[in-house]
Amino acid sequence: MKVTFPIESTLAQKVWNSFERELDHKLRALPDLAREEVKLELLSHLYDSASADSAVLEEERFINAIDRLGAPGDYLEPLVEEIFLAQGTSKGHPSAVLRSLLAITRKGIWHLALTALFGFGYVVAIIVFIMAVMHVGDPDVGVWLSPNGSVSFSFEFQPNATQWMPESFSAMGIAASVALYWLLSQMLGRLIGKPSRDK
Amino acid sequence: MAARLESFFGFIAVTTSSDQMIDRWIPQFKKGLLEFIILLKLQEGTSYGYELAIEIMKLTSIELAEGTLYPLLNRLKRDGLVTTTWQTSEVGTPRKYYEITASGTETLEKMKDYWTSTHTAVLKMVTAK
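Residue numbers (the working numbering), protein chains in the order written: chain A, 95 to 293; chain B, 10 to 138.
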């Protein structure tokens, strides 16, 4: 969303540009969409605040408005940290994943169900990964298909059942669990860092 | 003389340590209180950052660096207590409006209960001699 704010004096425009550059610098680590949204919200605030200021000179009104916003580090750093939480989740950092899951549970009953679904997905991914690694040392660990058609993930030999792909279980299990973990983290990251709607 | 000096430096030490304590305590107190106040304001209707900052300062006389509202608003959004919508028009500043959610209203009711039960008790302790 590209917006131009009408500024009359050259000096006021310089003050504005300087603040905009500072925002760009402090928010540079954020993804484009998140950075633009934070920037636009703060610039809109600055413009509203300056418009309500009683100083005669336009540049003075902007300086006063910047001053009222406070030290950029005090509000931009926590903001960036919050947004990074969503990014960390997308990258699959375990602590960010846990914090995101907790944050989603607080959003209501549907989100609680969603958390349970995500949680189940992560548990499956972790169990499959552990089993795939254990299969290297203990070939009985794996997926077993019983004659009645049921499938079981087992850590021991299953009589009357056939093991599913015993030769390639380790490689497939590790690849599948990593892929599932990545996919879940991407989805969770998008869910927690969902940008605002436009009207 | 030595006793006077000791008393003087003791006074300075106490003042400094109490000032440090207050400097640490006020931001923590304000932070918790601000989330409550933001939700109270949003219960009255949707609002945007600048308007919230002005209203909060006017109503509570809390000295506030306006920018510090944004990390709080962002966290309320992340926790699902508020949602946001951009409103843009041909004329005027684009504004990001915050709206309290059902979960936010539920949380606010619990905050109000907690506030009511504790503030009377704390007030009694504050005014007790």
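Some hints could be false.
Away from chain A, derived, C-beta distances all over 10 angstroms, residues of chain B [said to hold, decoys possible]: (1) Leu-42; (2) Ile-63; (3) Thr-77; (4) Leu-78; (5) Arg-87; (6) Gly-89; (7) Arg-104.
Okay, the calculated beta carbon distance ranges per label pair [as the list claims (entries may be wrong)]: (8) Lys-133/B to Ser-112/A: 47 to 55 angstroms; (9) Phe-247/A to Asp-32/B: 49 to 57 angstroms; (10) Leu-42/B to Asp-234/A: 57 to 65 angstroms; (11) Lys-39/B to Ser-262/A: 40 to 48 angstroms; (12) His-119/A to Asp-32/B: 23 to 31 angstroms; (13) Gly-213/A to Ile-31/B: 25 to 33 angstroms; (14) Asp-234/A to Met-120/B: 29 to 37 angstroms; (15) Lys-39/B to Ile-203/A: 28 to 36 angstroms; (16) Ser-148/A to Lys-119/B: 39 to 47 angstroms; (17) Phe-249/A to Glu-53/B: 43 to 51 angstroms; (18) Ser-148/A to Glu-53/B: 24 to 32 angstroms; (19) Ser-246/A to Leu-42/B: 49 to 57 angstroms.
One-sided and incomplete, this derived list gives chain A residues near chain B with beta-carbon spacing under 8 angstroms [claimed, not checked]: (20) Val-97; (21) Leu-134; (22) Ser-138; (23) Asp-142; (24) Ser-143; (25) Asp-147; (26) Ser-148; (27) Glu-152; (28) Arg-162; (29) Gly-164; (30) Leu-173; (31) Glu-176; (32) Phe-178; (33) Trp-276.
Because the hints were derived from the structure by calculation, they are not lab data. Small disclaimer: the values here were computed from a predicted structure and weren't measured. Positions of the beta carbon are idealized from the N, C-alpha and C atoms, including for glycine.
Hints, one by one, checked against the model:
no.	hint	verdict
1	Leu-42	17 angstroms, holds
2	Ile-63	8 angstroms, violated
3	Thr-77	5 angstroms, violated
4	Leu-78	8 angstroms, violated
5	Arg-87	5 angstroms, violated
6	Gly-89	3 angstroms, violated
7	Arg-104	6 angstroms, violated
8	Lys-133/B to Ser-112/A: 47 to 55 angstroms	51 angstroms, holds
9	Phe-247/A to Asp-32/B: 49 to 57 angstroms	56 angstroms, holds
10	Leu-42/B to Asp-234/A: 57 to 65 angstroms	59 angstroms, holds
11	Lys-39/B to Ser-262/A: 40 to 48 angstroms	59 angstroms, violated
12	His-119/A to Asp-32/B: 23 to 31 angstroms	28 angstroms, holds
13	Gly-213/A to Ile-31/B: 25 to 33 angstroms	43 angstroms, violated
14	Asp-234/A to Met-120/B: 29 to 37 angstroms	55 angstroms, violated
15	Lys-39/B to Ile-203/A: 28 to 36 angstroms	32 angstroms, holds
16	Ser-148/A to Lys-119/B: 39 to 47 angstroms	41 angstroms, holds
17	Phe-249/A to Glu-53/B: 43 to 51 angstroms	58 angstroms, violated
18	Ser-148/A to Glu-53/B: 24 to 32 angstroms	27 angstroms, holds
19	Ser-246/A to Leu-42/B: 49 to 57 angstroms	54 angstroms, holds
20	Val-97	5 angstroms, holds
21	Leu-134	6 angstroms, holds
22	Ser-138	5 angstroms, holds
23	Asp-142	4 angstroms, holds
24	Ser-143	6 angstroms, holds
25	Asp-147	12 angstroms, violated
26	Ser-148	14 angstroms, violated
27	Glu-152	16 angstroms, violated
28	Arg-162	5 angstroms, holds
29	Gly-164	3 angstroms, holds
30	Leu-173	5 angstroms, holds
31	Glu-176	5 angstroms, holds
32	Phe-178	12 angstroms, violated
33	Trp-276	22 angstroms, violated
Of the numbered hints given earlier, the model fails hints 2, 3, 4, 5, 6, 7, 11, 13, 14, 17, 25, 26, 27, 32, 33; all others are met.
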